[in-house]
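6 protein chains.
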Amino acid sequence: MARPVALFTGPWTDLSLEELVQKAAEWGFQGLELCCWGDHFEVQRALTEDSYCQKKLDLLARHDLTLLVLANHRVGQAVCDPVDERHQSLLPDYVWGDGDPEEVQQRAAEEMMATMRAAQKLGVAVVSGFSGSSIWSYVAGYPAPDQAVVERGFQDFAQKWNPILDVCRDCSVKFAYEVHPGEIAFDLYSAEMALEALGGREEFGFTFDASHLHWQGVDPVEFLRRFPDRIYHVHVKDAALTLNGRSGLLNSYLPHGDPRRGWHHRAPGHGGIDWEAIIRALNDIGYEGPLTVEWQDSGIDRDYGAEEACKFVKRLDFEPAKGEF
Amino acid sequence: MARPVALFTGPWTDLSLEELVQKAAEWGFQGLELCCWGDHFEVQRALTEDSYCQKKLDLLARHDLTLLVLANHRVGQAVCDPVDERHQSLLPDYVWGDGDPEEVQQRAAEEMMATMRAAQKLGVAVVSGFSGSSIWSYVAGYPAPDQAVVERGFQDFAQKWNPILDVCRDCSVKFAYEVHPGEIAFDLYSAEMALEALGGREEFGFTFDASHLHWQGVDPVEFLRRFPDRIYHVHVKDAALTLNGRSGLLNSYLPHGDPRRGWHHRAPGHGGIDWEAIIRALNDIGYEGPLTVEWQDSGIDRDYGAEEACKFVKRLDFEPAKGEF
Amino acid sequence: MARPVALFTGPWTDLSLEELVQKAAEWGFQGLELCCWGDHFEVQRALTEDSYCQKKLDLLARHDLTLLVLANHRVGQAVCDPVDERHQSLLPDYVWGDGDPEEVQQRAAEEMMATMRAAQKLGVAVVSGFSGSSIWSYVAGYPAPDQAVVERGFQDFAQKWNPILDVCRDCSVKFAYEVHPGEIAFDLYSAEMALEALGGREEFGFTFDASHLHWQGVDPVEFLRRFPDRIYHVHVKDAALTLNGRSGLLNSYLPHGDPRRGWHHRAPGHGGIDWEAIIRALNDIGYEGPLTVEWQDSGIDRDYGAEEACKFVKRLDFEPAKGEF
Amino acid sequence: MARPVALFTGPWTDLSLEELVQKAAEWGFQGLELCCWGDHFEVQRALTEDSYCQKKLDLLARHDLTLLVLANHRVGQAVCDPVDERHQSLLPDYVWGDGDPEEVQQRAAEEMMATMRAAQKLGVAVVSGFSGSSIWSYVAGYPAPDQAVVERGFQDFAQKWNPILDVCRDCSVKFAYEVHPGEIAFDLYSAEMALEALGGREEFGFTFDASHLHWQGVDPVEFLRRFPDRIYHVHVKDAALTLNGRSGLLNSYLPHGDPRRGWHHRAPGHGGIDWEAIIRALNDIGYEGPLTVEWQDSGIDRDYGAEEACKFVKRLDFEPAKGEF
Amino acid sequence: MARPVALFTGPWTDLSLEELVQKAAEWGFQGLELCCWGDHFEVQRALTEDSYCQKKLDLLARHDLTLLVLANHRVGQAVCDPVDERHQSLLPDYVWGDGDPEEVQQRAAEEMMATMRAAQKLGVAVVSGFSGSSIWSYVAGYPAPDQAVVERGFQDFAQKWNPILDVCRDCSVKFAYEVHPGEIAFDLYSAEMALEALGGREEFGFTFDASHLHWQGVDPVEFLRRFPDRIYHVHVKDAALTLNGRSGLLNSYLPHGDPRRGWHHRAPGHGGIDWEAIIRALNDIGYEGPLTVEWQDSGIDRDYGAEEACKFVKRLDFEPAKGEF
Amino acid sequence: MARPVALFTGPWTDLSLEELVQKAAEWGFQGLELCCWGDHFEVQRALTEDSYCQKKLDLLARHDLTLLVLANHRVGQAVCDPVDERHQSLLPDYVWGDGDPEEVQQRAAEEMMATMRAAQKLGVAVVSGFSGSSIWSYVAGYPAPDQAVVERGFQDFAQKWNPILDVCRDCSVKFAYEVHPGEIAFDLYSAEMALEALGGREEFGFTFDASHLHWQGVDPVEFLRRFPDRIYHVHVKDAALTLNGRSGLLNSYLPHGDPRRGWHHRAPGHGGIDWEAIIRALNDIGYEGPLTVEWQDSGIDRDYGAEEACKFVKRLDFEPAKGEF
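Residue numbers (this note's numbering), protein chains in the order written: chain A, 11 to 335; chain B, 11 to 335; chain C, 11 to 335; chain D, 11 to 335; chain E, 11 to 335; chain F, 11 to 335.
One chain only, chain A, in its complex shape (with noise of 0.2 angstroms):
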């Protein structure tokens, strides 16, 4: 099909974006899901200084690449985490300021604004990202939540959003949420629920991304078939169940590539999850974004393996039938 395929800048941010532009294009990427940290895309300059958007669009453009999703998932994280020392990292100094956790809240939602504000004058439809969650501790954890915890934390989530999308509905631009734990949304059943707490506003809806389904259990394609029309973006990462009496899947707080975990990220076709079926449920419910390559594999070099994501990726999304026969 005629989707394009796309790089996330994430992995990549210790190179300036000019070296990572480059690196993709020859690696075949037709686009960008570019990230607004390192300093790939700066969501205080792009406001504030004239051409500053421009000259980002300027260098894509110069290697034949489009701008195709802008990505905030750190500062997203903090609107509605308890934030802890893990977070100062993650973000912009001028966010994390002191470090208090509900000012950090605030600062961060204020940020996902103006984040929005930054794609509208890029010309980006689509911004992706994270929430953060009020609850996230209480999942598979004890003592379970009572049903009104849950509640409060949906309440919550939607009372912080609401008006970041706002802003996203006066932009037009959508938000394409990555289901993801950690999340308020981590599977099928969270992700109605926050629908739900949202009222269902269109400028609300997914990022999918297969990977963190699959070692929970979830087909991916069911959560497709589910939203059909709620996918906004699309990434493309594999997981691979490892498994063997020992491991489990909590992962026993051991790091990304310890083989003694029971799931792990991987390249795309070197996990366990189901290409074939994901294409084509998303050519049947119509999806028409990018795929974009998120890169995550500890046991690959990432710019072989971001070559040859590129390529798998392609040669994945065949033509869909034109007609019934």
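You may find that some hints are simply not true.
Stated by the list, open to error - Simulated pairs of lysine-lysine, DSS-like, Cα-Cα distance not exceeding 25 angstroms:
#, chain 1, residue 1, chain 2, residue 2
1, F, Lys321, A, Lys321
2, E, Lys324, C, Lys321
3, C, Lys33, C, Lys65
4, E, Lys332, C, Lys321
5, F, Lys324, F, Lys65
6, B, Lys65, B, Lys33
7, D, Lys65, D, Lys33
8, F, Lys332, F, Lys33
9, C, Lys321, C, Lys33
10, A, Lys324, D, Lys324
11, D, Lys321, A, Lys324
12, E, Lys332, B, Lys321
13, B, Lys332, E, Lys321
14, C, Lys332, C, Lys33
15, D, Lys324, F, Lys131
16, C, Lys131, B, Lys321
17, C, Lys170, C, Lys65
18, F, Lys131, F, Lys170
19, F, Lys33, D, Lys324
20, F, Lys33, F, Lys65
Claimed, not checked - To spell it out: a stretch of chain D is covered by chain F in this simulated footprint if at least three of its residues, at any positions, have a beta carbon under 8 angstroms from a beta carbon of chain F; those stretches are:
#, stretch
21, 256 to 268
22, 290 to 303
To be verified - Taking beta-carbon pairs under 7 angstroms as the criterion, some of the chain B residues facing chain E (in silico):
#, residue
23, Arg290
24, Phe328
25, Glu329
26, Pro330
27, Ala331
28, Lys332
What the hints contain is simulated information worked out from the structure, not anything from laboratory work. Idealized CB from N, CA, C, for every residue including glycine.
Following the hints, complete the assembly by docking chains B, C, D, E and F onto the known chain A.
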């Protein structure tokens, strides 16, 4: 084997211990894991009232029940947990106090020491329970903690529990820590880490409950073979996976019994656990303590189920071979 | 649960009802699904002879058996089927007549109306049965029907059964249609289509028989969750897949019991059905009707097996939880 | 291996043969299975017009394509089928006539004889096709046929096809019957029965199409090993099982491509068939005929897919060992 | 079914037969497979002492036990094996003699003939046992034998066993050869080869023991269907696969019971064998001989287990259907 | 990764090394594992003829091939094996001599020492091979050996190989022992035992060949993780399980390629081995030696297959990550 079959009294704390003891005896149980909540066992009264312990023992003796284990999961949870509203209903008023998190943690630690002393007074050699955890919220979520953060979590655990385990040592009581989601140790490798954080001290071992390992993909038999001399107590509880493409293992905040969940606690024999393999492994490692039914099944009447479970465990616990032939 | 365990009398119509009733009581059954063939129940005599119904009820009462469901699968089959030689042996002479297909269909429809009236006279609230189908032969074969042909099949079904269901309504009897290969509805989606063709009228629900769904790959639990308020009756029959590379699911025209078949009907507990999951789902949807053993197993003596099945169902039907805890 | 890779022309009969031949050559095919419908091949013209056959052969030769098999599934279907409205669109007008079922059967048989003669004229050694069946509607349904009814079905088949096979013998043409749902032979044992009904005559063998066996649970390799000397032609078509608890193998009358179906036809390599095992078995039995792509996949563009399939088959068909070592 | 449930006396040869017989009767057994070692049965005394056989029969009769099969696996093993130190402890002194391999083989063959005569004297129709093999060491190893070497192994088998089978014929005794690793026949195809090497003579059939086939991956039911008229005796013994990535099926020379093994012998019902399928297949082929418990389970007390196994087999052996219905 | 892809020359010893070298270079290989049989490499000539080694090296160099490993499996086999007729064709005449078993063993040991010296002369750091085993015939058979017999087997191995390994030490050559059925070490635990019998001396490590582990049920990745510093060489060979109920893992003495076998050697990528997991594990343990194609597949032409395999290995061997990110 001649292992006693015991009942965990927790699910019946809405009944007086007197009522429950009568039922438990009729159902065929030979002993109890007595819970320190409701009126089943009150730690402070045990330490301050002369005949309190003896009366409990007499009550059990009248029904030919042995007191095998003392359980104080609820208070133990508050020792390391970041205390919040969910803990209030789990704690005695005098431990909760005004709910200041750090002070609650301190009072919970003192109450656990008191529990050890009460166990000694009762003549019980094993206390079971939870620990809480300062880093549970970092499991499986975002942002992932770096390894220094994880290590601080285990140090916090060791620092808070070593004084309690000192009391265990002085009272000749062992702490049978239940490996469980929400605790510092929730799978095989995190159990290794916890044991290591404590320097492997002998007062500390595990309450083995296969149901918590099963849904994470950890083989309970591997756990037994990894810690053959640290199995201080065994729970008999089952779990069933009910993945169908839409449900997920993290369960979407859905309450027990909701058919949309990806796994459920189940009565023994009503789930997917390979009890045959567990009994053989317990025989191999020479475990001679009780097999304690911890009843939890949202689909079966608890009284009907407790009796069924008692029969199930007796039928299960076959006589091991006396020699090779 | 307090659900009655019933016996479907069909496989014993070579015996008089009197003989069977005595056996059924000895085997432990509490009620019957009484079949309208052999001498077990004769619809026309029931409507025309004054004491016929009362005598049947008295016979059952003498053995403490309740009449729970009236079954007329054989006549129902001829209502929509293209009638051929196979139907002659299934029908009373006065329904078969000279065997002219359209006239047989007409007489079969009238006999089904009579059956509803007989049920009312007996005080039975549920009639079970088949419908036949004008389009069964288009399932899985060649040439495939286009969707208009399929729709005509369901319209034919609605047209022929609506008058019968009108009689149901007038008699306060429900029709528990057995979803079964050979009928207009044979799996989950065709059951949806049949219900829709009838406008969802309340007189029409299902006899749930997991064995017919199992070999088709349909999860019986999904069926129960899809139609929670339309389960009017439950059959307990098992099925076993015996695929070995050479056998196939369409069974090569081989008769029951031939080991070359790819699946077989089986006595309850002797096949692959997950009865635990079915009982839990029946509890969840609040089904309180009978659990009826429909005996069919070419490898086990029917009398030996009926008694075993009765015990199996009683053991299976555990007490559901009375509340959450 | 040096087996030619051919294309079944059926799915492109909306195009002229001329158009298709050009495409097929570009896609890399080496030969055709030419279908007797559309303008691709007209049996009566072939027999009555002097140069008709030669022109077809010339057309193919101009594009370096060989005519390997002549296909007449549609007419063959009407030989034994109870003819109904579905057949009209499958048949030439002169075979359908006024649609009287018995007369259509008779004319279809004559047309199949003509097809054999046309094949001889073309110099083609193999004709592929269907047979229809008088007893297909008794598969898997109710009431089950008794064995005498089944035998009559096979006798009917033998009686109607023996005269056609006599023509095959006289023309030195083999009939490669496609084992397929809807036909008298649709799995391994019914294929045995069909062969036996014909007394094992040599003119009769099979078009082996693994996709029809796969979803029934029959291992295609077992079929090859059972009939090593009767594999006269091979189709390469895939199938995917998509059971998810709600979908079923009998497919609820849902059309191809509907995601609620329990199985789907698929482009080669996009389904669940073990092609490696099939190639090895074809090597073992010494099959040297064409590998013919029968394109059917409702999710992939047919032209894109035909080219991909041609490459797939060439890559698949590895060189067998020349000796043991 | 009315098949007798018997006990193989081998694992209790440390007890006198008198002691065992009393236990076996109490456990519920109806007959014995009597082993020719320990004091259970001594072949030479049977042939030379007048009342020896009658006394054994009387002993059994006093406990209502029938003598169903005579077993001489240990001596049979030495007939074809390259004899080494391991055989000494298996053989009576007079068979071992000075241990010269060829002479031991000769004396073992004579002792097997004597065993047949003793069986005749006891009125027992079936002798069970092993054969040994000159080529066992070539199974699965390196260098692989060429086919001529294999053939010589089977010829050696035929040459050594034909004279013994001649005695069987003369004594009207059948030899129920146990298909077992270490023997000339150890799986389905090697059983075919052994039968063929003997020209299919009727004195030679099999002791069917599913446990030896199970861990090799052979389906025991396929074995029964392959040799329906050669099943002369049935052992009931289970086996469990315990592969976990490190253990292997060849078991690393580890002794029974070691948890590092990849498979284990198990008490009936404690392993992975599908007994339901076996009983159905035994019913289909009309086997009416004993079901003999050969006890072997390193994890269960043998006396506890023997009683459990006897009950298991009785419960398992359901009544087959008397006709079709 | 930059690991060289090598070819094991064994299957082409019917060709001169000159012929093979040319082919190997054309197929894309970068190096050889050179076999000491045929004319490929003659140990005694290497030690006695001045320029023999250099000429071999020159021959390879002319085709840009590196000599990576010297292989002498055939002679090594005779060191511990009870020598019989099968060995004659594996050994040079001067090693076989008159075939007296003990003397052959002695001469084989001396030839292995000579092989080590020849490797030194060639500048090759690794010699691969087998050991033979005095106890292989006791694997999986009857009577089982007691543990003292097993220990004697490993002592015999140590006693015979220590002197050879002393030569390795003196020559700075490592022996990469191939874990393989028929050898003293054939699975994970027997490899542990062999290593222990040798006191873990450094000259001794393993040729890792996943195909031999796969069919035994041992996970090759577990082997790599168990012996991370003893993987001295890696073979790339696949294996496929073909169990179908009748075939068994011990293969009934059937030759390679017979479809009745339960497993087969296969070309890389044509079997069931998880190469992705193996490459990741090799990366984790830091293996930097060659990946050597040992060609064995009875269903694919060896030349066609060798080229395909070379490409397969190059495609497989992805670049590992350079750091964490």
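Check the structure against each numbered hint from earlier and tell me which ones fail, lowest number first.
Hints 5, 8, 12, 14, 15, 16, 17, 21 contradicted; others consistent.
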